[in-house]
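Engineer: We have chain A already, so just place chain B on it with the hints.
Spelled out, the chains give:
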Amino acid sequence: MSEKIDFSHVRFLIVDSNRLMCQLIKDILMMLGCTQCTTARDSEKAIASLRAGGFDVLITEWNLKPRSGLELLDWLRTDGGSPDRMMPVIMLTANSEVEYVMESRDKGVTEFLAKPFTADGMYRRLVSVIARPRDFVSVRGYFGPDRRRQQLPFEGPDRRQQKPD
Amino acid sequence: MRSKAQIIPNRGELKRKAVNYKTGMDIKLDEATLKKMEQLVENSSAQFLDETVESLKGLREALGRAATEPAARREVLEHIREEAFQIKGMGGVFGYPLLTEFAKSLHDFLKELEDLDELQQEIVSIHVDTLYVVVSHRIKGSGGALEAQLRASLKAAVDKAKPGTKTAP
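Protein sequence lines correspond, in order, to chains A and B.
Residues -16 to 148 (my numbering) are what the first sequence spells out, left to right.
Residues 76 to 244 (my numbering) are what the second sequence spells out, left to right.
This is chain A alone, in the form it adopts within the complex:
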């Protein structure tokens, strides 16, 4: 028996200024079985929706107004008013160059998917954020998922296990 994802239990917020892109992502998610999928065309509406609560996954474009998708991510991870600082975030953006990937990662993105994307690529990111949750790291200057993906053998004390003072 293999693992399955029941998308009907996952509530998505999609943020993209492009109406067609919002609709396409929503259609894909609903085809997968999602029943609770909300869209927002700018970052302020997204923040209002997030504040109202009821979302499990945020999918956002970087290129948003008035705040960028990166600022939206930063707000979610660090702001006192954030509804869930550990919410999985997929940055789905046409800002596809490596510097954007690195910057997103350093702000605590869970997954990055460059546009133009493929259906397969989208599905893999969804599986990753839902079925392969990562621990979070809180350190000065960073709050987000553990950025180390590779599980390499390490000899010596695991200092990551230290508790805060």
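Hint data in this document are derived by calculation from the structure and do not stem from the laboratory.
Nothing here was measured: the structure is a model prediction, and the numbers come from that model.
Beta carbons: idealized from backbone N, C-alpha and C, even for Gly.
One thing to keep in mind: the hints can contain errors.
To give a feel for the contact side, a few chain B residues facing chain A, derived at Cβ under 10 Å [claimed, not checked]:
hint : residue
1    : Lys90
2    : Tyr96
3    : Lys132
4    : Gly133
5    : Thr143
6    : Tyr207
Structural biologist: Below, chain B alone, put in the same frame as chain A:
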């Protein structure tokens, strides 16, 4: 002194809610579901092309404005940059990688600009014309003779505006 990192174990609530062995989609994407997803994208392809045509019309109008109203150039630049970004992100999704490539070329060209002088307007115009050709011919591939010709003419246009490039007398 280095600050200590605190590891916060993931609560796994979402996984508990959604992952099971009975209902839903297989974690490994099966062919049938992939086909359905691709069909959804294909269904929106015509709409994408219609919207791209409208976008390109808007860019031509904006260029006309930039030519006659120097004060509007910054606003026009912002508008073109935004449209180029959208086409760059969408083209390949809907099976038009050449639209993505050429829109990226336009977006990259505009990235550092703060104004649109006449030469720059001309280069934007060549981009818009080239994007039109892709849309009107419904060019889905990226490796044919026409594609190579379009790519070469666009590159020549962009090279014209590079600092240090002298135009022929």
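Engineer: Does B:Tyr207 hold up as a contact with chain A if the rule is Cβ-Cβ below 10 Å?
Structural biologist: Cβ of B:Tyr207 sits 19 Å from chain A, so the hint is violated.
Engineer: Can the hint on B:Thr143 be confirmed by a CB-to-CB distance to chain A that is less than 10 Å?
Structural biologist: Since chain A brings no Cβ nearer than about 27 Å to B:Thr143, farther than 10 Å, the hint is violated.
Engineer: Just to be careful: measuring from the Cβ of B:Lys132 to every Cβ in chain A, is the smallest value less than 10 Å?
Structural biologist: violated, 17 Å
Engineer: Measuring from the C-beta of B:Lys90 to each C-beta in chain A, is the shortest one below 10 Å?
Structural biologist: holds, 5 Å
Engineer: Minimum Cβ distance from B:Gly133 to chain A below 10 Å?
Structural biologist: Check failed: Cβ of B:Gly133 comes no nearer than 14 Å to chain A, outside 10 Å.
Engineer: Hold the hint about B:Tyr96 up to the distance rule: shortest CB distance to chain A must be less than 10 Å.
Structural biologist: holds, 5 Å
Checked against the numbered hints given earlier, the structure breaks hints 3, 4, 5, 6 and satisfies all the rest.
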